[in-house]
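Assemble the complex: chain Y is given as a structure, and chain C must be docked to it using the hints.
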Amino acid sequence: MIGLGHYLILASILFSIGLVGVIRRKNLLMLFFATEIMLNAANVAFAAISSYHHDLAGQMFAFFIVAVAASEVAVGLGLLILLYKKYGTLDLDEFTMMKG
Amino acid sequence: METFAFYFLSISIVALFAVTVWSRNILYSMTSLAAGMVLISGLFFILGADFLGVVQLIVYVGAVMALYAFGMMFFDATGVVKEKNAPAMTVFILGGLTALMLVVIFAAPSIANGAPAFYPPMAGANNPQAVGLVLFTKYLVPFEVAAIMLLVAMVAGIILAGKKMDRSLSKIKDAELEGGEAKDSK
Chain Y
1 MIGLGHYLIL
11 ASILFSIGLV
21 GVIRRKNLLM
31 LFFATEIMLN
41 AANVAFAAIS
51 SYHHDLAGQM
61 FAFFIVAVAA
71 SEVAVGLGLL
81 ILLYKKYGTL
91 DLDEFTMMKG
Chain C
1 METFAFYFLS
11 ISIVALFAVT
21 VWSRNILYSM
31 TSLAAGMVLI
41 SGLFFILGAD
51 FLGVVQLIVY
61 VGAVMALYAF
71 GMMFFDATGV
81 VKEKNAPAMT
91 VFILGGLTAL
101 MLVVIFAAPS
111 IANGAPAFYP
121 PMAGANNPQA
131 VGLVLFTKYL
141 VPFEVAAIML
151 LVAMVAGIIL
161 AGKKMDRSLS
171 KIKDAELEGG
181 EAKDSK
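Sequence lines, in order, name chains Y and C.
First residue of the first sequence? That's 1 in our numbering, and the numbers climb one at a time after it.
First residue of the second sequence? That's 1 in our numbering, and the numbers climb one at a time after it.
Hint data in this document are derived by calculation from the structure and do not stem from the laboratory.
Glycine included, every Cβ here is placed at the ideal spot set by N, Cα and C.
Incorrect hints may have been included.
Unchecked claim - So the derived label-pair ranges between C-beta atoms look like this: (1) Gly-88/Y x Ala-5/C: 43 to 49 Å; (2) Thr-98/C x Gly-88/Y: 28 to 34 Å; (3) Gly-88/Y x Lys-138/C: 47 to 53 Å; (4) Thr-98/C x Ile-65/Y: 29 to 35 Å; (5) Pro-120/C x Gly-88/Y: 42 to 48 Å.
Only chain Y is shown next, with the shape it has when bound in the complex:
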């Protein structure tokens, strides 16, 4: 039988994958993908806790996370397009201005 712990372990594994992606990748679009993975991991944890505690508040917060993710993508992709028009690349190392 699958318990709450299984879902929470799955959510933490997914969150770790996303976090490794954010730390490791140097491409800005990949950083956005990793952020989506982390938001989805949080959603899985919220839905599991909501289901096993018989409490709808978790699902509500998952909805608001989805809304935040949608607006983050809209604004972030606009900024990404501006950066690409200016620098011609999405590599994070190209954007560093401070040497050291």
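Here is chain C on its own, set in the frame of chain Y:
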């Protein structure tokens, strides 16, 4: 049956998201991310959160991934990304430890106190009905604020991505437009 579905879905999701993070090609990683989102909605259906699963399908797979797909038309995304990566082991250990620390920090209070259920689902109402009842009574103000936030994000996305939209293309004659294009390309 539920056990089989959970293990099948979770192993597939972890594999797909690992491909997303470690793939060198942006197109592969975007495709595997979209597939992982679809499978995560399957997890929501198992958990009885039907409405959340449908929202996940419509918003994430339908809107967010489509937005990425259209955004990629602005980038030269087909090539392999050249990156100078940090040593993988250090990053992996640091990422895992940070995630573990975050989980412990946020799980400790609820384990210690036992979380009381504020909004138990109503008897005799299925999941979308119960979600609607709670969302439009207890969470009405955050709902409206989220609507305003989405509006602001839409305006910001239009303004950021669409510079040069101040000139209406339909009011310019074709020859003039081509001349302007040629001038721009110099």
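In ascending order, which of the hints set out earlier in this document are inconsistent with the structure?
4, 5
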